[in-house]
Amino acid sequence: RKEVEQDPGPFNVPEGATVAFNCTYSNSASQSFFWYRQDCRKEPKLLMSVYSSGNEDGRFTAQLNRASQYISLLIRDSKLSDSATYLCVVNINNQGGKLIFGQGTELSVKP
Amino acid sequence: NAGVTQTPKFRILKIGQSMTLQCAQDMNHNYMYWYRQDPGMGLKLIYYSVGAGITDKGEVPNGYNVSRSTTEDFPLRLELAAPSQTSVYFCASSYSNGQETQYFGPGTRLLVL
Numbered sequence: 001r002k003e004v005e006q007d008p009g010p011f012n013v014p015e016g017a018t019v020a021f022n023c024t025y026s027n028s029a030s031q032s033f034f035w036y037r038q039d040c041r042k043e044p045k046l047l048m049s050v051y052s053s054g055n056e057d058g059r060f061t062a063q064l065n066r067a068s069q070y071i072s073l074l075i076r077d078s079k080l081s082d083s084a085t086y087l088c089v090v091n092i093n094n095q096g097g098k099l100i101f102g103q104g105t106e107l108s109v110k111p
Numbered sequence: 001n002a003g004v005t006q007t008p009k010f011r012i013l014k015i016g017q018s019m020t021l022q023c024a025q026d027m028n029h030n031y032m033y034w035y036r037q038d039p040g041m042g043l044k045l046i047y048y049s050v051g052a053g054i055t056d057k058g059e060v061p062n063g064y065n066v067s068r069s070t071t072e073d074f075p076l077r078l079e080l081a082a083p084s085q086t087s088v089y090f091c092a093s094s095y096s097n098g099q100e101t102q103y104f105g106p107g108t109r110l111l112v113l
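Keeping their order, the protein sequence lines are chains A and B.
In terms of this note's numbering, the first sequence is residues 1 to 111.
In terms of this note's numbering, the second sequence is residues 1 to 113.
FYI, nobody ran anything at the bench for these hints, they're computed from the structure.
Nothing here was measured: the structure is a model prediction, and the numbers come from that model.
Keep in mind that a hint or two might mislead.
[What the hints assert, rightly or not] The calculated DSS-like cross-link candidates involving lysine-lysine, where the alpha carbons are at most 25 Å apart (straight line), are:
hint, chain 1, residue 1, chain 2, residue 2
1, A, K110, B, K9
2, A, K42, B, K9
3, B, K14, A, K98
4, B, K57, A, K45
5, B, K9, A, K2
6, A, K45, B, K14
7, A, K42, B, K44
Throw the hints in and build the complete structure from the sequences for me.
See below:
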């Protein structure tokens, strides 16, 4: 079983749609959780951290369920500029800050 | 601040050649990392460093070496290039141990033929 597993993509949605990405992680010792965004042929950039209570940043909402070892990202009112690959990332604090990346879920927002 | 810089941007190597991928950061970060990303895959950690003079293996260290003589620089060395090392290499840095954001460089695309 992969340490971090994401929905296989790609997701093709029209502008204005709401889209949700799911992610599961296998190590119950995982402490920190993130969503990174990666544009085609570019470096990953932090989209948002994921907190236990859930958190929102504009059109983006992240949720964490520690009992189920599950993380989600919800994007409302999709824009063309949201087209990218979204990476679910987990940090296990007893491993010196090493991040474990999911394989990514590609999102394509169409006009 | 330039952030994290990497050179070269692209390189073609022949099997058996060696090269060094350069990485530098000007944010005074303690932690630095090297990842590789194969097509359609997530990033895999090659090596990391928690400070000058300290390095440790990640998930896929075979075929690579690193050094960290200064806080700013973290070069990655390929001694005998193999086709399996064809990938995109990303360097990253963070202030501390993962609670902080990791900042990535623009990547080096390496093709081994």
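Comparing the hints with the structure gives:
no. : hint          : verdict
1   : A:K110 - B:K9 : violated (31 Å)
2   : A:K42 - B:K9  : holds (11 Å)
3   : B:K14 - A:K98 : violated (31 Å)
4   : B:K57 - A:K45 : holds (23 Å)
5   : B:K9 - A:K2   : violated (30 Å)
6   : A:K45 - B:K14 : violated (32 Å)
7   : A:K42 - B:K44 : holds (16 Å)
In the structure shown, a violation is registered for the earlier hints numbered 1, 3, 5 and 6, in ascending order.
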